[in-house]
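Q: Listed below, chain by chain, are the residues.
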Amino acid sequence: SQQGEEDPQALSIQEGENATMNCSYKTSINNLQWYRQNSGRGLVHLILIRSNEREKHSGRLRVTLDTSKKSSSLLITASRAADTASYFCATDYNQGGKLIFGQGTELSVKP
Amino acid sequence: EPEVTQTPSHQVTQMGQEVILRCVPISNHLYFYWYRQILGQKVEFLVSFYNNEISEKSEIFDDQFSVERPDGSNFTLKIRSTKLEDSAMYFCASGTEINYGYTFGSGTRLTVV
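The listed protein sequences correspond, in order, to chains E and P.
Just so we're aligned: 70 in this note's numbering is position 70 of the first sequence, and the numbers increase by one with no gaps anywhere.
Just so we're aligned: 106 in this note's numbering is position 106 of the second sequence, and the numbers increase by one with no gaps anywhere.
In isolation and in its complexed conformation, chain E is listed as follows (with noise of 0.2 Å):
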């Protein structure tokens, strides 16, 4: 299976504390992308990186991508109440922007 795996499936933490998210996968990738869903909604695009970058910030975002691990975390810095949600890692496996999508993790963040 190319299938990615996250870790934990779920988080709860209080507001100010950072989130981190872990994702796995099986097979070389083209790149790999976290998405955002709040409850019965659409998928949020939060961040791409490529297979060969290592690191990559967006605002209170950083994402990190261990080729040699097959991994990659989300690190949500100074959590909010509205970053509950839950967060998806998605993998391009070279096939032509198909993307595989892990079974999420479920972060909860307490005022």
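Hints were generated in silico from the structure; no laboratory data involved.
Be aware that one or more of the hints could be misleading.
[As the list claims (entries may be wrong)] 27 Å max Cα-Cα, derived DSS-like pairs, lysine-lysine:
| id | chain 1 | residue 1 | chain 2 | residue 2 |
| --- | --- | --- | --- | --- |
| 1 | P | K57 | P | K42 |
| 2 | E | K26 | P | K78 |
| 3 | E | K110 | P | K42 |
| 4 | E | K56 | E | K70 |
| 5 | P | K83 | P | K42 |
| 6 | P | K78 | P | K57 |
| 7 | P | K78 | P | K42 |
| 8 | E | K56 | P | K42 |
| 9 | E | K56 | E | K69 |
| 10 | P | K57 | P | K83 |
| 11 | P | K42 | E | K69 |
| 12 | E | K56 | E | K26 |
| 13 | E | K26 | E | K69 |
| 14 | E | K110 | E | K69 |
| 15 | E | K70 | P | K42 |
| 16 | E | K70 | P | K57 |
| 17 | P | K42 | E | K26 |
[Stated by the list, open to error] Far from chain E, by Cβ distances over 12 Å, these chain P residues were calculated:
| id | residue |
| --- | --- |
| 18 | Q6 |
| 19 | V12 |
| 20 | Q17 |
| 21 | E18 |
| 22 | I20 |
| 23 | D62 |
| 24 | F65 |
| 25 | R69 |
| 26 | N74 |
| 27 | N99 |
| 28 | V112 |
| 29 | V113 |
[Unchecked claim] Negatives, chain E to chain P, calculated, CB over 12 Å:
| id | residue |
| --- | --- |
| 30 | D7 |
| 31 | L11 |
| 32 | Q14 |
| 33 | E17 |
| 34 | N22 |
| 35 | S51 |
| 36 | E55 |
| 37 | H57 |
| 38 | R62 |
| 39 | T77 |
| 40 | A81 |
Ideal Cβ placement from N, Cα and C applies to all residues, glycine included.
Could you slot chain P onto chain E? The hints should help.
A: Below, chain P alone, put in the same frame as chain E:
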């Protein structure tokens, strides 16, 4: 900010009926996708569409499914003879290039009864 628009937001249909899910991708995008998410499960790839033809499809995308761009702006997913297990959230997505992120629509929740 440009959006991908999907209609309807919720569709209820009888088993065996045909449904058409509609999407208006962002106007300068070239790559179009349909994904689905069964409640509580992963988002699954269905089909990709580029240059007016299917570029890739998953094993889920069998003869029951079809896609088209009837007028150069809309992008539709047709499901013939719906089954109970087709109940899911269906997402349309579009993008400018392969190595960029995609913009997803808000989804159509399909309920087959």
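Q: Next step is simple, just say for each hint if it's right about the structure.
A: For each hint, the structure was consulted:
1. P/K57 <-> P/K42: Roughly 17 Å separates the two Cα atoms, so the pair holds.
2. E/K26 <-> P/K78: Between E/K26 and P/K78 the Cα gap is close to 33 Å, so the pair fails against 27 Å, i.e. violated.
3. E/K110 <-> P/K42: holds (25 Å)
4. E/K56 <-> E/K70: Roughly 16 Å separates the two Cα atoms, so the pair holds.
5. P/K83 <-> P/K42: holds (19 Å)
6. P/K78 <-> P/K57: Given that 27 Å is the threshold and the Cα spacing comes to 14 Å, the pair holds.
7. P/K78 <-> P/K42: Distance of about 21 Å is within 27 Å: holds.
8. E/K56 <-> P/K42: holds (25 Å)
9. E/K56 <-> E/K69: Measuring from Cα to Cα gives roughly 17 Å; hence the hint holds.
10. P/K57 <-> P/K83: Between P/K57 and P/K83 the Cα gap is close to 19 Å, so the pair holds against 27 Å.
11. P/K42 <-> E/K69: holds (23 Å)
12. E/K56 <-> E/K26: holds (21 Å)
13. E/K26 <-> E/K69: holds (9 Å)
14. E/K110 <-> E/K69: Violated, at roughly 32 Å.
15. E/K70 <-> P/K42: holds (20 Å)
16. E/K70 <-> P/K57: Judged against 27 Å, a Cα distance of about 25 Å means the pair holds.
17. P/K42 <-> E/K26: holds (17 Å)
18. Q6: Check fails; 8 Å does not lie beyond 12 Å.
19. V12: holds (16 Å)
20. Q17: holds (24 Å)
21. E18: P/E18 clear of chain E: closest Cβ-Cβ about 24 Å, beyond 12 Å.
22. I20: holds (19 Å)
23. D62: holds (17 Å)
24. F65: holds (15 Å)
25. R69: Its Cβ never comes within 12 Å of chain E, the nearest being 16 Å, so this holds.
26. N74: holds (18 Å)
27. N99: At about 6 Å from chain E, P/N99 fails to clear the 12 Å cut-off, so the statement is violated.
28. V112: holds (18 Å)
29. V113: Holds, since 19 Å exceeds 12 Å.
30. D7: holds (14 Å)
31. L11: Its Cβ never comes within 12 Å of chain P, the nearest being 18 Å, so this holds.
32. Q14: The assertion about E/Q14 holds, with a minimum of 27 Å to chain P.
33. E17: holds (27 Å)
34. N22: holds (16 Å)
35. S51: Since the minimum Cβ distance to chain P is about 10 Å, E/S51 lies within 12 Å and the statement is violated.
36. E55: E/E55 is indeed farther than 12 Å from all Cβ atoms of chain P, at 17 Å.
37. H57: holds (15 Å)
38. R62: With a cut-off of 12 Å, E/R62 remains clear of chain P, as the shortest Cβ separation is near 16 Å.
39. T77: Its Cβ never comes within 12 Å of chain P, the nearest being 21 Å, so this holds.
40. A81: holds (22 Å)
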